[in-house]
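Student: Below, each chain spelled out in residue letters.
4 protein chains.
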Amino acid sequence: MSSKISPKQFSVRDPNYVERVRDAFARQGFLRHVDARVEEVAPGRCVIAADFRSELAQQNGFFHGGLLGTIADAAGAGAAATLIEPHRWLLTAEYKVNFLSPARAKRLKAVGEVARAGRTLSVSQVHLYGVDAAGDEQLCALAIVTLMILEREAPSLEKN
Amino acid sequence: MSSKISPKQFSVRDPNYVERVRDAFARQGFLRHVDARVEEVAPGRCVIAADFRSELAQQNGFFHGGLLGTIADAAGAGAAATLIEPHRWLLTAEYKVNFLSPARAKRLKAVGEVARAGRTLSVSQVHLYGVDAAGDEQLCALAIVTLMILEREAPSLEKN
Amino acid sequence: MSSKISPKQFSVRDPNYVERVRDAFARQGFLRHVDARVEEVAPGRCVIAADFRSELAQQNGFFHGGLLGTIADAAGAGAAATLIEPHRWLLTAEYKVNFLSPARAKRLKAVGEVARAGRTLSVSQVHLYGVDAAGDEQLCALAIVTLMILEREAPSLEKN
Amino acid sequence: MSSKISPKQFSVRDPNYVERVRDAFARQGFLRHVDARVEEVAPGRCVIAADFRSELAQQNGFFHGGLLGTIADAAGAGAAATLIEPHRWLLTAEYKVNFLSPARAKRLKAVGEVARAGRTLSVSQVHLYGVDAAGDEQLCALAIVTLMILEREAPSLEKN
Chain A
59 MSSKISPKQF SVRDPNYVER VRDAFARQGF LRHVDARVEE VAPGRCVIAA
109 DFRSELAQQN GFFHGGLLGT IADAAGAGAA ATLIEPHRWL LTAEYKVNFL
159 SPARAKRLKA VGEVARAGRT LSVSQVHLYG VDAAGDEQLC ALAIVTLMIL
209 EREAPSLEKN
Chain B
59 MSSKISPKQF SVRDPNYVER VRDAFARQGF LRHVDARVEE VAPGRCVIAA
109 DFRSELAQQN GFFHGGLLGT IADAAGAGAA ATLIEPHRWL LTAEYKVNFL
159 SPARAKRLKA VGEVARAGRT LSVSQVHLYG VDAAGDEQLC ALAIVTLMIL
209 EREAPSLEKN
Chain C
59 MSSKISPKQF SVRDPNYVER VRDAFARQGF LRHVDARVEE VAPGRCVIAA
109 DFRSELAQQN GFFHGGLLGT IADAAGAGAA ATLIEPHRWL LTAEYKVNFL
159 SPARAKRLKA VGEVARAGRT LSVSQVHLYG VDAAGDEQLC ALAIVTLMIL
209 EREAPSLEKN
Chain D
59 MSSKISPKQF SVRDPNYVER VRDAFARQGF LRHVDARVEE VAPGRCVIAA
109 DFRSELAQQN GFFHGGLLGT IADAAGAGAA ATLIEPHRWL LTAEYKVNFL
159 SPARAKRLKA VGEVARAGRT LSVSQVHLYG VDAAGDEQLC ALAIVTLMIL
209 EREAPSLEKN
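Sequence order for the protein chains is A, B, C and D.
My numbering numbers the first residue of the first sequence as 59 and each following residue consecutively.
My numbering numbers the first residue of the second sequence as 59 and each following residue consecutively.
My numbering numbers the first residue of the third sequence as 59 and each following residue consecutively.
My numbering numbers the first residue of the fourth sequence as 59 and each following residue consecutively.
Treat each hint with caution, since some may be false.
Intra- or inter-copy, both count: the list cannot distinguish identical chains.
[Claimed, not checked] Quick list of in silico lysine to any residue cross-link-like pairs, SDA-like style, CA-CA up to 20 Å:
| # | residue 1 | residue 2 |
| --- | --- | --- |
| 1 | Lys164 | Gly87 |
| 2 | Lys164 | His91 |
| 3 | Lys167 | Asp194 |
| 4 | Lys164 | Asp109 |
| 5 | Lys164 | Glu97 |
Keep in mind that the hints were calculated from the coordinates and are not lab data.
In isolation and in its complexed conformation, chain A is listed as follows (with noise of 0.2 Å):
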């Protein structure tokens, strides 16, 4: 499959984007119970990754589909927060992930990459892939993550 997505030239437009990224990841309570890491920060790409173990599996032994969608969630927002202003904030709108092939696999790798930035909103699109011990990929899900962007770290959304 060929380039899909114009390799623009995203703007970044805070210095400390991928400090924020890390930070922003840092401080949330499920993403570290579930062991999330992140891999990569980039303009406009965040890549989160999970290794496997049962607490994070389904009855088959594969990766949860819950714990898909949250990776995806993360790798799509940590790649739209790379691309906001310091002072502003993302919350997650709306995300769905369609399942391709059981994530039965030594990891899991969320690839999130910016499809809009835009001032209230942002879409990114992410493509998930089961890793064996050898390093092969395979695509086991794809997602798509919609992001509200708030002018500040709200205490709530009710507002906006």
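Got chain A sorted already, so can you dock chains B, C and D onto it with the hints?
Tutor: Just chains B, C and D now, kept in the frame of chain A:
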């Protein structure tokens, strides 16, 4: 909002459907890891809940969106599982969650209801509520879950 | 299925909301081209309908899925538009449709209801029904529509 | 953006797949009504296009979102149809579209590519582009389409 899905009589094809849903749930390491529990199982319906704790939160103290997706998937799949034949099995094909208000609550509740019970595909609608200490509920997310019905518990989705 | 979205009192902020929804609808060439019509407008609610004819069908004589999506989008946007301020404007950010049963009917009806009325984002839930000659309705699709609220009718989405 | 779906060799199971996709397309009244045309058919891939005219627009002179969804569905289904056996048939189970930028262009192009070719379910990813007079393309929407594979052309989805 008035009733939307006609209260058709769902046909239960497995007399042990309650036990079956609870058993499938118990075998999923990830659902135990997030302390989700089955609150109710009825024909075409399944309610899943989780109590708030920091391991389930994002950075603002709300339930994490990934957890909401996980619970929604479980409620939607559980609802669909009440209506399948004893020898069949379900796998989630896709799900989508829209976040409506911040899930800052003592407890999270996902109510899954079957909108379509097919032979190869079922579709569930899920409403997620934040429940406060007084028991008041606020709708915080909507989800749709599509389930694939397999001939039997398959070790692999690949050939289906 | 019991009531899901609490019957909260939606606050209408534009006394001319009915006229406004009908006017926005009338200005959309594509909605006229598919012969869709507004059947009902109320606070937080909009019903759109279309009569069957072969120009709206797929190869089996059902209403085409693309038409169902179009009508769902229009009903969801119309419902959200009833609750915004006079000077604001809506654009659909995303929508998702699940097909439950073939829409082989005399008439198609999409009932859009607001699930969240925000300042920058609104979310509507849509139920689509096939209506036969006797007036009996069958649920044939479910949709969720996310709308972005703009400060004014913008000539371009690009900067928002 | 680099290649995301590994360029696996898709196995064509029906030597007449091109004719088949074009024929299925031609039989759909709604696709003719919106003047959509098949631009390209290849294993695992289908491109659909439509030229701008006011009957396909919303109120700001952009292509209507419902049309984008329609074209996305057709491109996703067409791509999946290139890989199924001669006696099988497809029905869209669900689709989801995210709008990234206003589709104000001379021509709209939807590129559908198969992400999963299964026995009962296929999933296609669709990128939609606005094409201007000079032939320059801008990504304006992303979609995911889930298709159900039927044993044969069914008069009804109800029993599947």
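Student: Decide, hint by hint, whether the structure agrees.
Tutor: Each hint tested on the structure:
no.	hint	result
1	Lys164 - Gly87	between (23 Å within a copy, 16 Å between copies)
2	Lys164 - His91	both (18 Å within a copy, 19 Å between copies)
3	Lys167 - Asp194	within (11 Å within a copy, 34 Å between copies)
4	Lys164 - Asp109	within (6 Å within a copy, 30 Å between copies)
5	Lys164 - Glu97	within (16 Å within a copy, 33 Å between copies)
In this structure, none of the earlier numbered hints is contradicted; all agree with it.
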